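Protein sequences appear in the order of chains A and B.
Under our numbering, the first residue of the first sequence carries the number 284, and numbering increases by one thereafter.
Under our numbering, the first residue of the second sequence carries the number 477, and numbering increases by one thereafter.
Worth flagging that the hints you see were computed from the coordinates, not collected in a lab.
Quantities reported herein were computed from a predicted structural model and do not represent experimental measurements.
For glycine and all other residues, C-beta sits at the position ideal for the given N, C-alpha and C.
One or more of the hints may lead you astray.
Facing chain A, a subset of chain B residues (Cβ under 7 Å, in silico) [as the list claims (entries may be wrong)]: (1) Gly541; (2) Arg544; (3) Asp572; (4) Tyr574; (5) Ala670; (6) Thr689; (7) Gly692.
Simulated crosslink set (DSS-like; lysine-lysine; CA at most 27 Å straight-line) [what the hints assert, rightly or not]: (8) Lys478/B with Lys532/B; (9) Lys532/B with Lys493/B; (10) Lys630/B with Lys677/B; (11) Lys655/A with Lys577/B; (12) Lys493/B with Lys478/B; (13) Lys478/B with Lys655/A; (14) Lys565/B with Lys478/B; (15) Lys487/B with Lys619/A; (16) Lys565/B with Lys630/B; (17) Lys577/B with Lys532/B; (18) Lys619/A with Lys565/B; (19) Lys619/A with Lys655/A.
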Amino acid sequence: MSRRRASITTRLTLLFAAVATAVLLALGLLIGNAVEQHFVEQDMEVLSGKTDLAAHLLEQVRSPADWATLPRQLDDSLVGHHGLAVVVLHPDGSRVFATPNAAFPDALLKPAGASSKPQSWAQAGQPWRGISTLLPTGNRELSPMLVAVAVDISHHEHFMSSFRQTLWLFVALAAVLVGFLGWIAVRRGLAPLQAMRRGAAGVTANRLDTRLSLDAVPVELAELAETLNQMLARLEDSFQRLKDFSSDLAHELRTPISNLMTETQVALTRARSADEYREVLASNAEEYERLARMIGDMLFLAQADNGLVVPRREPVDLAAQVRELFDFFDALAEEKGLHLALTGSGQVSGDTLMLRRALANLISNAIRHTPKGGSIQVRIETSGGETKLAVENSGETIPAQHLARIFDRFYRADPSRHRSDEGAGLGLAITRSIIRAHGGEIGVRSVTGGVCFELRMA
Amino acid sequence: MKLLVVEDEQKTGDYLKQGLVEAGFVVDLARDGVDGLHLGETGDYDLAILDVMLPKLDGWQVLAGLRRAGCQMPVLFLTARDQVEDRVKGLELGADDYLVKPFAFAELLARVRTLLRRGSRNQEPQVVRAADLELDLLRRRVSRGGRHIDLTAKEFALLELLLRRQGEVLPRSLIASQIWDMNFDSDTNVIEVAVRRLRAKIDDGFEPKLIRTVRGMGYVLEADAA
């Protein structure tokens, strides 16, 4: 894998860590806000409690004597609470009462600025939170007093800052931890992939029978594994055929070449007459011709396999072709006392030369396998845009296990049959290639007292 | 008749030359495309046999060069690849015939003779003869020593081919293609049977025997058979 493409593990690990960090951050902010809100409410409770107390005391003030005792009363009831600052302002601006630490922001001390909304400020390095309220006194003639109450909230701030510190630390640790756990999970999750990779790495030309185990694979990968297995099966099948074919080919070549070698070398062992030499050369020439024909056929099949055989499309009158072929094989059929018959007619679109070759192979195959005095019937039928052509010959039926392979290259139903009275075993393979190149199909079946090849073309 | 053969493969070239010389031709052999083109332009040849795969200039280029230089002799191509494109290309460039390697020498010889004959087709004789065998093309009758012989249409055509080209060895593939229009190699012995039947009709009971099998090559009709 190249450096530039990050691995799935790295990507998922980073993703997990990022998501975890984001979620924890949001959660931390939410909790922080909630705690702070809680503190504000707590402070407000204290502040409004003190304000109520002040309101109550101010209610009691009716006479000047009351005025005199008010500061003490306020002092008694309000002070004693550490970190509390109180200011009571007369409407004329004079301070009726003030704790020593009372340093309120000016805005809070203006009657217009009186607000029950808490305000925070710093004073001598300490954070404070306070509210101010206009409170009526017992003397209705007097304007309401402005009472400002504040609490020192430094312990809250301390708590919040250490809380935040802990939170960030936790978030950072959690992100790392989640990333690590994610990494482990991904590694474990991807383990089947590794196993598949190892399985696939074990596949070689000699071990194409290896299959990926489907049991150990999670559902998501099962389909992939199955597809890979199917691919392997196809490869194995093709490879097997290729192997069979190569060994068949080697075998098919070995026989004529060994004949040629022996014959030539025996001829060379001592001086012979010109006639004898001629005989050897002629015999060799025949063998060479067979070899050349075989190579030509093999090349044709190889081209057909690679889709290089592209038939021309012209109307082909099948009955006329069969009649011409009957004419060609006439002498041969007559010698064996075979009866050739044609029924029906039909036209297909295809390559005349190729189709003639395909039909010639079928007919010569039939002639070869029909016993003396037998008959060969070619039937052509057209129905629904499809043309069927059947070549049926009388004679022995072919066992089912041979029927399936009869179109294979070099395949012979009877291996002991002498080579020279048969073709190279490529005729039927060529016929099938030609029919397939035309988009048709060809099949073979045993019928009572004979064999029937049937091809269908559009 | 003077032939030019351009073939780089040592053995093939030598044997082609020997075979053609023994068949009565004068043969010049070039080993690469440049020599071949030079010879073709300067010598006066009746026919050229070109291999497609040649060093320096390939067969197509030699052919194109020859045609540019105004050489109109028939050209026969030898190719190791039987590809449709090759055939089309050759015909477009003005090749007259082609053979796919490996080919039978008799086939090459027959094609060369066909190409050479093409240019100088004389008045068709009405009657072709060999020894006391007579084939009357117009009346479609065959007789030997004055005796009438009954032939089927294909037998008549086969005999006509053998008679017209008497003395030439005709390979089976050529006969199949000329008489039955079977332009592909067939591994059947149809031609053997057909020739045997024809021979039975025209040679049995007559002397000399006219139709001879040349093993490994084909069939020949000769009046003065050795």
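Against the structure, the hints:
no.	hint	result
1	Gly541	violated, 30 Å
2	Arg544	violated, 31 Å
3	Asp572	violated, 20 Å
4	Tyr574	violated, 14 Å
5	Ala670	holds, 5 Å
6	Thr689	violated, 9 Å
7	Gly692	holds, 3 Å
8	Lys478/B with Lys532/B	holds, 24 Å
9	Lys532/B with Lys493/B	holds, 21 Å
10	Lys630/B with Lys677/B	holds, 13 Å
11	Lys655/A with Lys577/B	violated, 37 Å
12	Lys493/B with Lys478/B	holds, 11 Å
13	Lys478/B with Lys655/A	violated, 52 Å
14	Lys565/B with Lys478/B	holds, 26 Å
15	Lys487/B with Lys619/A	violated, 43 Å
16	Lys565/B with Lys630/B	violated, 35 Å
17	Lys577/B with Lys532/B	holds, 21 Å
18	Lys619/A with Lys565/B	violated, 44 Å
19	Lys619/A with Lys655/A	holds, 5 Å
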